[in-house]
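Chains C and V supply the protein sequences, listed in that same order. Heads up, the first sequence is in the numbering used here, so the first residue is 1 and it goes up one at a time. Heads up, the second sequence is in the numbering used here, so the first residue is 10001 and it goes up one at a time.
If you are wondering where the hints come from, they were derived from the structure by calculation, not from laboratory data. Do not take every clue at face value.
From chain V, some residues computed to sit far from chain C (all C-beta separations above 10 Å) [to be verified]:
| hint | residue |
| --- | --- |
| 1 | A10159 |
| 2 | A10230 |
| 3 | L10337 |
| 4 | N10597 |
| 5 | E10733 |
| 6 | G10806 |
| 7 | A10809 |
| 8 | G10992 |
Pairwise CB distance ranges, derived in the manner of DEER restraints [stated by the list, open to error]:
| hint | chain 1 | residue 1 | chain 2 | residue 2 | range |
| --- | --- | --- | --- | --- | --- |
| 9 | C | E55 | V | T10835 | 37 to 45 Å |
| 10 | C | D60 | V | A10590 | 21 to 29 Å |
| 11 | C | T59 | V | G10570 | 20 to 28 Å |
| 12 | V | D10677 | C | E55 | 46 to 54 Å |
| 13 | V | G10570 | C | D60 | 43 to 51 Å |
| 14 | C | A52 | V | G10570 | 27 to 35 Å |
| 15 | V | H10424 | C | D60 | 53 to 61 Å |
| 16 | V | A10466 | C | A52 | 50 to 58 Å |
| 17 | C | A52 | V | G10583 | 31 to 39 Å |
| 18 | V | A10466 | C | E55 | 44 to 52 Å |
| 19 | V | R10384 | C | E55 | 52 to 60 Å |
Backbone N, C-alpha and C define an ideal beta-carbon position, used for all residues, glycine too.
Each chain, letter by letter, is given below.
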Amino acid sequence: MTVPTDQDAADTTPYVVVRNHEDQYSIWIADRALPAGWEAVGEARPRQDCLAWIEENWTDMRPRSVRERAADAPTIAS
Amino acid sequence: MVKDSAKPNPPPLVAGAADGSDVPLSPRQKRWWFLGQVRPDSPVGTTVVAYRIRGPLHVERLITAVQAVVSRHTVLRTRFPGVVGRPRPTVADTVDVQVPVHDVTDEAQAADAAARWGREPFDVGRGPLLRCALFRSGARDHLLAVAVHQLAADEQSAAQFVTEVCARYGGDPAAAPSPQYADYVVWQRDWLASGALDGQREYWRQRLADAPAALELPTDHTRPALSSFAAGRHRFAIPELALSSGATALLTGFLLLLARYTGRDDVQVGLHTDGRYADVDTAIGPFAGTVVVRADCVAGSFAELSERVAALVTEATGHGDVPFEQLVEELAPARDLSRNPVVQVGFGISGPDATPTLPEASVERVDVAPAATLMDIELRVAPRADGGWDGELRYATDLFAPATVARMVGAYLRLLAAAAADPHAPVSRLELLPDTDRHQIAQWNATALPVPERTVHELVDARAVAAPDATAVVCGPDSLTYGELRTRANQLAHALRARGVGPDSVVGLCLPRGVDMVVGVLGILAAGGAYLPLHPDDPVDRLVFMVDDGGAGVVVTHSAVPEEVVGKLGREIVRIDSADVTGQPGDTPAVAVRPENAAYVIYTSGSTGRPKGVCVPHGGYANLVAWHLDQYRLGEGDRCGQFSRITFDASAWEIGPALAAGATLVVAPDEARATSDTVVEWLAAERITVTFLPVQLAERLFRDPRAADMSLRLLLTGSDRLMQYPPASLPFEVVNHYGPTECSVISTAGRVPGTGGDRPPSIGTPVANTEIHVLDPYLNPVPVGAPGEIYVGGRSIGRGYLNRPGPTAEQFPPDPFSGRPGGRLYRTGDLGRWTPDGVLEFLGRGDNQVKIRGYRIECGEIESCLLAHPQVAEAVVVVRDDSGDKRLVGYVVPTADGGEATTTAAALRAHLLRQLPDYMVPASWVMLAELPKNASAKVDRRALPPPRPARPELESPYAAPRTAVERTLVAIWSEVLGVDGVGVYDNFFELGGHSLLATKIVGMIERDLAPDEIDLRAVFEYPTIAELAASLAPDDTTVPSRTAPATAADKE
């Protein structure tokens, strides 16, 4: 039994970057129906490219609801 | 692909080439003979065919016909005695084959009786290798059964035999066929020797060069070292499919099924061929062969895969002149008697049979249960007149339960239906899970439990207000009431609030074990923050990394924590015992904390070396506590242990539920955690009623006599793979748990019964508001019983890894199963499977499998087997490469009563060989007083000492050879085993021997000693040189008795 690692999870399979209502990001196989509550961000591309995009662009990892409440009451940021 | 040179025209087949005095064996016959020698008590090699005869039947005339046909075919008059370890075919002029008549009540009973009758093993040395019987259920109603050994005939030949018998019965005086099977064997031998087929050999060598040694289907039972070859079967109907490729589609679907069940795309099956050539189509004999079809099922659509499979079949059969058995000799990495070499799964298409006819009676083929199978599973399909197919899945009953096979068939049919519905969809999208499985799994995942809309610290606060004088926390001589705990936590919270701490602020918590540690946790939560536990004894660099990476602006510590630690953290420091804190008000600060806010951050070691901070929100933590209180019914009278290190997420599980229930949390002081012995003392002395202990300590406690006399009512364990079942006599319940840090500590739980089967205890069922999905690499659920990767869904899912967007996105995919909009899963990287009873089995990490001699080995399986030995307290099996030769090493801690003196490698090896294939038995053994453990009480595998390189410490002392035969054997063993100083009482297997090496030994003994008789089993039966020498030269009076000397005095 082999769990595919990132390397062998079919580099040829196109993925999309997806985002939910909390602005949490993940990736999804491009030609599959998106699960409810998720939207695609950008074009289909290789898995590693999707992850690289997320690494670059998901800068505030707090869920949206947390972030919006925090806007009223700033806390210590390091 | 098919080279011209690979398919030469065969030379002419000459009748009479075999002159009778020296009948050779075909490679296939050699294989059957070998299997018969290894397992003479089993029906391996037996094929049974049966025919229903309705109408008048003259038994004497039938017997005459049987004997006439037997006399036509030389191969049916041949027996195969073993001489000097080799078969010596001997042809008899006449063979007396009778047709006994057995009375049965009805036709169904006749078929059952015939199947049972067929399982009676043949004596291949004595012959005959064909027998007949009639099962009479009425004066005009008979079942004619013919059983043949595959040394003499294959199934098609057996059917042909019956056709000839019926014709002869009807008066047809057919002559003996020419050429006969032996002529074919000579022809084949010469063709192979001519070199004309070397191109085909080379093709197979390349085709199978990097093939996996075995296709590992998930089994119900542990694979025995030596297969019994006993077969079961499941028959089913395949409807006509809207797929153009017929049998190829069935094979394609089967390959895909195997890929899904094994979790690998590269699968190979043995395709049955009739092995017939035009010149020998009237001969009877074991012509049937196997060609290997190896397919990569990864990409493309079913239609495309079907085309590839069709091409592969053409290619394979085009290279099918080299017998499979000869390829095995050349290719099989090891002769493993637990499974068929090269292919463990078969596929065959039954063609229309010749129909025997009788005067005045009707004859009809009747299906009887197979006597034996070489394969793990084998799919046979036969076309029906209506366009559908009859299917039969044969399986080794050593390995599979009938319900599992039925499920496999359900998945196969589902897959075929999905492929027929959309042959151009990617195969990864084809549905495999039958609806019954889907509903079943949904039921097992129905875990809804209402959770109060309150955070854990709010629950604790409410408790403290309700019962301020109850004892909340104890650690050694220190204790706090709920009122004191609340006051101190709130004081800390106010101090933190004054420094800007609020929701989602990460606050370091760097305190030694004690009541203050608990104050710190609650104080940080009460301020709205998330605590980041830091152990003051951990390397300062690691602490600094976590504080930086976690973005903790403030660190809570204590004046007792050394300045050289605190000073290096470079953060604002709040000392919990300073006036700055104790001067704060004790009321609860008003902070609005939401379920999405972070509750704690725990660092886990990443496989890449950089630890990742797992962020768990209040919602997940509250869910854990709600589940725990619901499940374990904690009350104010409970004394709950707090054993875990604060940096381990189990500590959150220990602290929250106990305090939310108003129980007393008993923190284990460092000295109580020192050894397994002090832990037991602490549990007893503190009258703990409920506690968590990691697996190794829990298993220790199972065997501790003090366990019988404790206040403990509930022992919760987890964090590693539980291998042992608790003795039924324990006065407390044991519950096993599984859960990644990323999913709020616990994802599954299951009570561990007092005894289990041959598998380790399960990890139970999903906890409240949690779903477990066992998925393939494309996120398809795998069938019940099949292994897959464990994904967790539900309310306990963590927020992710702090400041690690890539790994978070990767490990937390969208949840397509729950229907919760925007829901996420967590991908654990662990392998597991659902059992048919709805509990989950943990099957190990996806990435720590080991390979020895090409076989994938789960060391945990060997360990669990070792632990079943009464004299083994603890066991670890690892792969070591110290000497450049990768081998398994077993580390064993003997039980106190067994003692190191009496627990021997010999006994352990014998014990394992009873349950495991020889390649899973460690080659070296190390006895230890205790296994090395790391900080979280898990076995530290890297700290295990290397085994002794030379002749290992064995049960018997070294004894030198005393006779010429013994000296020769010592030389052979040393050469084969690569071990110097082999003694005559040393056990071959303890020195690292295995069955492949045993075959080498037999070959060298034949070469050097030319004994009258030697076969492979001799090495198993006489595993020491002294014994083997005595068996080889029983009359040699110079060979001493088998009794081992008591001392090492005669060491040279």
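Here is what the structure says about each hint:
{"no.": "1", "hint": "A10159", "verdict": "holds, 40 Å"}
{"no.": "2", "hint": "A10230", "verdict": "holds, 26 Å"}
{"no.": "3", "hint": "L10337", "verdict": "holds, 23 Å"}
{"no.": "4", "hint": "N10597", "verdict": "violated, 6 Å"}
{"no.": "5", "hint": "E10733", "verdict": "holds, 32 Å"}
{"no.": "6", "hint": "G10806", "verdict": "violated, 4 Å"}
{"no.": "7", "hint": "A10809", "verdict": "violated, 5 Å"}
{"no.": "8", "hint": "G10992", "verdict": "holds, 28 Å"}
{"no.": "9", "hint": "C:E55 to V:T10835: 37 to 45 Å", "verdict": "holds, 39 Å"}
{"no.": "10", "hint": "C:D60 to V:A10590: 21 to 29 Å", "verdict": "holds, 26 Å"}
{"no.": "11", "hint": "C:T59 to V:G10570: 20 to 28 Å", "verdict": "holds, 24 Å"}
{"no.": "12", "hint": "V:D10677 to C:E55: 46 to 54 Å", "verdict": "holds, 49 Å"}
{"no.": "13", "hint": "V:G10570 to C:D60: 43 to 51 Å", "verdict": "violated, 24 Å"}
{"no.": "14", "hint": "C:A52 to V:G10570: 27 to 35 Å", "verdict": "holds, 31 Å"}
{"no.": "15", "hint": "V:H10424 to C:D60: 53 to 61 Å", "verdict": "violated, 43 Å"}
{"no.": "16", "hint": "V:A10466 to C:A52: 50 to 58 Å", "verdict": "holds, 53 Å"}
{"no.": "17", "hint": "C:A52 to V:G10583: 31 to 39 Å", "verdict": "violated, 51 Å"}
{"no.": "18", "hint": "V:A10466 to C:E55: 44 to 52 Å", "verdict": "holds, 48 Å"}
{"no.": "19", "hint": "V:R10384 to C:E55: 52 to 60 Å", "verdict": "holds, 57 Å"}
Hint compliance for this structure: hints 4, 6, 7, 13, 15 and 17 are broken, all remaining hints hold.
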